[in-house]
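Engineer: Chains as they are written, first to last, in the working numbering: chain E, 928 to 1079; chain U, 87 to 264.
A portion of the hints provided could be inaccurate.
To be verified - When the alpha-carbon atoms are kept at most 27 Å apart in a straight line, the in silico DSS-like pairs for lysine-lysine are as follows: (1) Lys1011/E / Lys1045/E; (2) Lys182/U / Lys1057/E; (3) Lys203/U / Lys1050/E; (4) Lys192/U / Lys1057/E; (5) Lys1045/E / Lys203/U; (6) Lys171/U / Lys1057/E; (7) Lys182/U / Lys203/U; (8) Lys1057/E / Lys203/U; (9) Lys1050/E / Lys1028/E; (10) Lys171/U / Lys203/U; (11) Lys1045/E / Lys171/U; (12) Lys171/U / Lys1050/E; (13) Lys249/U / Lys1050/E; (14) Lys1011/E / Lys192/U; (15) Lys1045/E / Lys219/U.
What the hints assert, rightly or not - Pairwise CB distance ranges (calculated): (16) Thr1008/E / Leu101/U: 53 to 61 Å; (17) Asp999/E / Leu195/U: 23 to 31 Å; (18) Thr104/U / Asp1019/E: 47 to 55 Å; (19) Val959/E / Lys185/U: 51 to 59 Å; (20) Gly174/U / Phe950/E: 18 to 26 Å; (21) Arg1036/E / Pro216/U: 29 to 37 Å; (22) Thr1035/E / Glu208/U: 30 to 38 Å; (23) Gly174/U / Gly1012/E: 29 to 37 Å; (24) Asp1031/E / Leu107/U: 53 to 61 Å; (25) Asn211/U / Asp999/E: 40 to 48 Å; (26) Gly1004/E / Gln112/U: 20 to 28 Å; (27) Pro135/U / Arg988/E: 18 to 26 Å; (28) Met957/E / His96/U: 33 to 41 Å.
As the list claims (entries may be wrong) - Some chain E residues close to chain U (C-beta under 7 Å, calculated; not the full set): (29) Ala938; (30) Val949; (31) Val976; (32) Arg1066.
Simulated from the structure, these hints should not be mistaken for lab results.
Glycine included, C-beta positions come from ideal geometry on N, C-alpha and C.
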Amino acid sequence: MSGSVGGAEAAEPNLVPILDMVFQLITFFMLVINVKAATMDQTLQLPVVGSAAPADSTGLRAVVLNINGEGDVNIGGVVQTDIKGYVSNEADQIRLQDGLKKGDDLSTRTIVVVRGDKRAKFKSVYAVVKACQEVGFHRFSYMTTFEPGKEP
Amino acid sequence: MSRKKKKNQHEEVTLNLTAMLDMAFQLLAYLILTFRSPSVEAQIALRMPDPVAVSDKKGKDVGDGTNKDPLKGLDQLVVNVYSDKAGGIGQITSGKKDKITEVASKGTLEQKMARLKRHLQEILNDPGLPFDKVALQIEGDIAYDDVMQVVDVCAQLKLHDGKPLQNVTFIELPSGKK
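Next up, chain E with everything else stripped away, as it sits in the complex (with noise of 0.2 Å):
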């Protein structure tokens, strides 16, 4: 027994439309992409405060330090064990590409972000914040949530 092949026409669908659609989407989701989210853990806790204020570090250089609940420092995805070893590097690349000399203060141009887990410890936040002041960092965002209902 043998099928019989018909007079069938060819069914082709217009893909033009569902491509322009998918490229809108691509357009879209590669617009509002936070490249910056990639430094941040975003499995911490942070402290909810009243009066803290949106977070806005435009135009300075920021070296972003996550701190978990037992204390332990992740940047960039990568827990660090040597922080002090880790911001004295920093703080050295940037003396560099500023020409800047050592002992300078970094105030001017780079902020430290300080992400803690609402749960860590102070002496853990204070071990990282000291450490940065050390090699010449003086300015510090500390990072929190808004208390709920106070969003911007």
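Once you've looked at the hints, dock chain U against the given chain E.
Structural biologist: For chain U alone, kept in the frame of chain E given last:
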């Protein structure tokens, strides 16, 4: 004069969009799967010079004795924050050496913060006092969340000339010698 138009016979070019659509869908799927809505984050920005401890747990002076400037440190209002057994904020005092004042030791965290704010603002409102900096000496066992409530209080303070208090620094409270 009539010109005889010659009709060119050209083949219709058909672009195969399937491959492009396939790639676009893959790219779209990747972007959708990796997309995270931006979380609402706020900040407390502080300019923090190198802190120097002025007293230990018992209020005893821990300076190195090399300071010959009689005015050094006089513009710095010291707040000591001690932990309770649960790792929260227990007692809060202000001042150093023999002029330590208890600010708050009982009540909820909100009540302690309200008392601290009132106390510090009263001091900073007095134009006869030289303070324009607040140094927080905090015990290391206190949870970071509670510490940020103290920093938040300090960030809301105003100096007697109406300007916001900008110089806030903190340091881990040195352990008292037993």
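Engineer: Each hint needs a verdict: does it hold in this structure or not?
Structural biologist: Verification of the supplied hints:
1. Lys1011/E / Lys1045/E: 22 Å, holds
2. Lys182/U / Lys1057/E: 22 Å, holds
3. Lys203/U / Lys1050/E: Distance ~24 Å between Lys203/U and Lys1050/E Cα, so the pair holds.
4. Lys192/U / Lys1057/E: 31 Å, violated
5. Lys1045/E / Lys203/U: 21 Å, holds
6. Lys171/U / Lys1057/E: 26 Å, holds
7. Lys182/U / Lys203/U: This hinted pair holds, its Cα atoms lying about 18 Å apart.
8. Lys1057/E / Lys203/U: 26 Å, holds
9. Lys1050/E / Lys1028/E: 30 Å, violated
10. Lys171/U / Lys203/U: 24 Å, holds
11. Lys1045/E / Lys171/U: At roughly 18 Å apart (the allowed maximum being 27 Å), Lys171/U and Lys1045/E satisfy the hint.
12. Lys171/U / Lys1050/E: 16 Å, holds
13. Lys249/U / Lys1050/E: Given that 27 Å is the threshold and the Cα spacing comes to 31 Å, the pair is violated.
14. Lys1011/E / Lys192/U: 38 Å, violated
15. Lys1045/E / Lys219/U: 25 Å, holds
16. Thr1008/E / Leu101/U: 53 to 61 Å: 55 Å, holds
17. Asp999/E / Leu195/U: 23 to 31 Å: 26 Å, holds
18. Thr104/U / Asp1019/E: 47 to 55 Å: Hint holds: Cβ distance 53 Å, inside 47 to 55 Å.
19. Val959/E / Lys185/U: 51 to 59 Å: 55 Å, holds
20. Gly174/U / Phe950/E: 18 to 26 Å: With a Cβ separation near 54 Å, Gly174/U and Phe950/E fall outside 18 to 26 Å, so the hint is violated.
21. Arg1036/E / Pro216/U: 29 to 37 Å: 32 Å, holds
22. Thr1035/E / Glu208/U: 30 to 38 Å: 35 Å, holds
23. Gly174/U / Gly1012/E: 29 to 37 Å: Given a distance of about 33 Å, which is inside 29 to 37 Å, the answer is holds.
24. Asp1031/E / Leu107/U: 53 to 61 Å: Check passed, 55 Å falls within 53 to 61 Å.
25. Asn211/U / Asp999/E: 40 to 48 Å: 42 Å, holds
26. Gly1004/E / Gln112/U: 20 to 28 Å: Check passed, 24 Å falls within 20 to 28 Å.
27. Pro135/U / Arg988/E: 18 to 26 Å: 20 Å, holds
28. Met957/E / His96/U: 33 to 41 Å: The hint (33 to 41 Å, Cβ to Cβ) holds, given that Met957/E and His96/U are roughly 38 Å apart.
29. Ala938: 13 Å, violated
30. Val949: Hint holds; Val949/E Cβ to chain U Cβ min 4 Å, cut 7 Å.
31. Val976: Hint on Val976/E: holds, closest Cβ of chain U at ~5 Å, below 7 Å.
32. Arg1066: 6 Å, holds
Violated hints for the displayed structure, listed by number in ascending order: 4, 9, 13, 14, 20 and 29.
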